[in-house]
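Trainee: Model the full assembly from the supplied sequences, consistent with the hints where possible.
Below are the chains, spelled out letter by letter.
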Amino acid sequence: MVDAAEQLGDDAGATIHVRSRRFGTFDVPADRVLTFPQGLIGFPEASRFVILEHRPGSPFRWMLSLDDPELGFAVANPGELVAGYEPPLELACRLLQAPAEHVALFVIVTIPSDPSAMTVNLMAPVVVDTRTRAARQLVLEGSRLGTGHRVLAAMEPAQPER
Amino acid sequence: MLVLTRKVGERIRIGDDVTVQVLEVRGGQVRLGLAAPADVRIFREEIFRLVQSQNDRSRLPDPDSMTSAANAWEAYVDGRRG
Chain A
58 MVDAAEQLGD DAGATIHVRS RRFGTFDVPA DRVLTFPQGL IGFPEASRFV ILEHRPGSPF
118 RWMLSLDDPE LGFAVANPGE LVAGYEPPLE LACRLLQAPA EHVALFVIVT IPSDPSAMTV
178 NLMAPVVVDT RTRAARQLVL EGSRLGTGHR VLAAMEPAQP ER
Chain B
791 MLVLTRKVGE RIRIGDDVTV QVLEVRGGQV RLGLAAPADV RIFREEIFRL VQSQNDRSRL
851 PDPDSMTSAA NAWEAYVDGR RG
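Protein sequence lines correspond, in order, to chains A and B. Numbering-wise (the working numbering), the first sequence opens with residue 58 and increments by one. Numbering-wise (the working numbering), the second sequence opens with residue 791 and increments by one.
Derived by calculation from the structure, the hints in this document are not laboratory data. Bear in mind that the values here come from a model prediction, so they are computed numbers and not experimental data. Backbone N, C-alpha and C fix where the C-beta goes; we use that ideal spot for every residue, glycine too. Among the hints, erroneous ones may be present.
As the list claims (entries may be wrong) - Chain A stretches covered by chain B per the calculated footprint, using a threshold of three residues with CB under 8 angstroms from any CB of chain B:
id, segment
1, 70-84
2, 167-175
Said to hold, decoys possible - Pair by pair, the computed Cβ-Cβ distance ranges are:
id, chain 1, residue 1, chain 2, residue 2, range
3, B, V808, A, R112, 41 to 47 angstroms
4, B, E814, A, D84, 37 to 43 angstroms
5, B, L792, A, D88, 40 to 46 angstroms
6, A, G199, B, M791, 23 to 29 angstroms
7, B, A828, A, R79, 31 to 37 angstroms
8, A, R79, B, V820, 40 to 46 angstroms
9, A, R112, B, E814, 53 to 59 angstroms
What the hints assert, rightly or not - Calculated from the model, a selection of chain B residues having no Cβ within reach of chain A, i.e. all distances over 10 angstroms:
id, residue
10, V798
11, G799
12, R801
13, I802
14, D806
15, Q811
16, E814
17, G817
18, G818
19, Q819
20, V820
21, D829
22, I837
Mentor: What follows is the structure in structure tokens.
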């Protein structure tokens with residue numbers, strides 16, 4: 058397992074210019090584009106994405122579609138957000154046909170209007186072969202991991218206004 | 791919708807490389823064996839819908855929601871540190 062932010066960019070070659078009303082305008086090195094051959098589940102037309110840093114210190118990253126510039130997600134390394142998280146490496150390696158040292162894994166974050174209720178989808182992580190940047194959304198049927206794992210402790214007492 | 795009748799042990803082939811075999815019929819349940827290449831995704835329908843709807847709910851409406859999540863996370867981490 059590698060940290061994908063380190064592995065998914067080589068800073069060389071052509072760039073792709075993306076213009077999004079929602080997310081602004083940015084340039085993406087062509088060698089950082091992830092390809093989901095079957096699309097993201099429920100978005101079969103969205104097969105090319107890029108993962109970008111959010112801001113220093115943030116565990117979150119953008120995962121933005123290059124096929125639909127208005128489609129974007131927040132993703133994160135679950136190891137940073139979920140204590141004791143164990144990645145489904147065996148399945149990821151088998152489906153990507155990649156050795157573990159070339160597999161990166163992200164979870165998709167769901168951010169409701171109250172961000173403290175944010176959840177991560179542990180049942181369906183995104184895995185990437187960092188050599189080819191081929192990506193796939195796994196579905197861990199039969200595991201106890203759900204699609205809406207609360208990130209912040211659910212019973213956190215409310216802080217008084219200051 | 792195509793409707794086929796199969797006996798236990800018989801198969802259906804979909805395209806060149808996907809097969810569905812009826813393994814067992816008992817009570818109201820049918821056990822199926824599916825063989826397909828690794829790039830073909832096979833899900834129970836309800837699981838597919840679950841992930842599809844979660845993905846749909848996860849679409850970022852705007853960049854601010856990302857910032858609000860990062861702020862909430864930072865406040866949470868700071869709070870745990872005391």
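Trainee: Each hint needs a verdict: does it hold in this structure or not?
Mentor: Hint check:
1. 70-84: holds (count 3)
2. 167-175: With 5 residues close enough to chain B, the hint holds.
3. V808(B) <-> R112(A): 41 to 47 angstroms: Between V808(B) and R112(A), where Cβ atoms are some 45 angstroms apart, the hint holds.
4. E814(B) <-> D84(A): 37 to 43 angstroms: This hint is violated: roughly 56 angstroms between Cβ atoms.
5. L792(B) <-> D88(A): 40 to 46 angstroms: holds (44 angstroms)
6. G199(A) <-> M791(B): 23 to 29 angstroms: holds (28 angstroms)
7. A828(B) <-> R79(A): 31 to 37 angstroms: The hinted range 31 to 37 angstroms holds for A828(B) and R79(A), with Cβ atoms some 34 angstroms apart.
8. R79(A) <-> V820(B): 40 to 46 angstroms: The hint (40 to 46 angstroms, Cβ to Cβ) holds, given that R79(A) and V820(B) are roughly 45 angstroms apart.
9. R112(A) <-> E814(B): 53 to 59 angstroms: holds (54 angstroms)
10. V798: For V798(B), whose nearest Cβ neighbour in chain A is about 24 angstroms away, the distance exceeds 10 angstroms, so it holds.
11. G799: holds (25 angstroms)
12. R801: holds (22 angstroms)
13. I802: It holds; I802(B) is separated from chain A by about 22 angstroms at its closest Cβ, greater than 10 angstroms.
14. D806: Label holds. Min Cβ-Cβ 17 angstroms, cutoff 10 angstroms.
15. Q811: holds (19 angstroms)
16. E814: holds (19 angstroms)
17. G817: holds (21 angstroms)
18. G818: holds (21 angstroms)
19. Q819: Given a closest Cβ separation of 17 angstroms, the condition holds.
20. V820: Consistent with the label, V820(B) stays out of reach of chain A, its closest Cβ about 17 angstroms off (over 10 angstroms).
21. D829: Label violated. Min Cβ-Cβ 6 angstroms, cutoff 10 angstroms.
22. I837: With a cut-off of 10 angstroms, I837(B) comes too close to chain A, as the shortest Cβ separation is near 6 angstroms.
The structure fails to meet hints 4, 21 and 22 from the earlier list, while all remaining hints are met.
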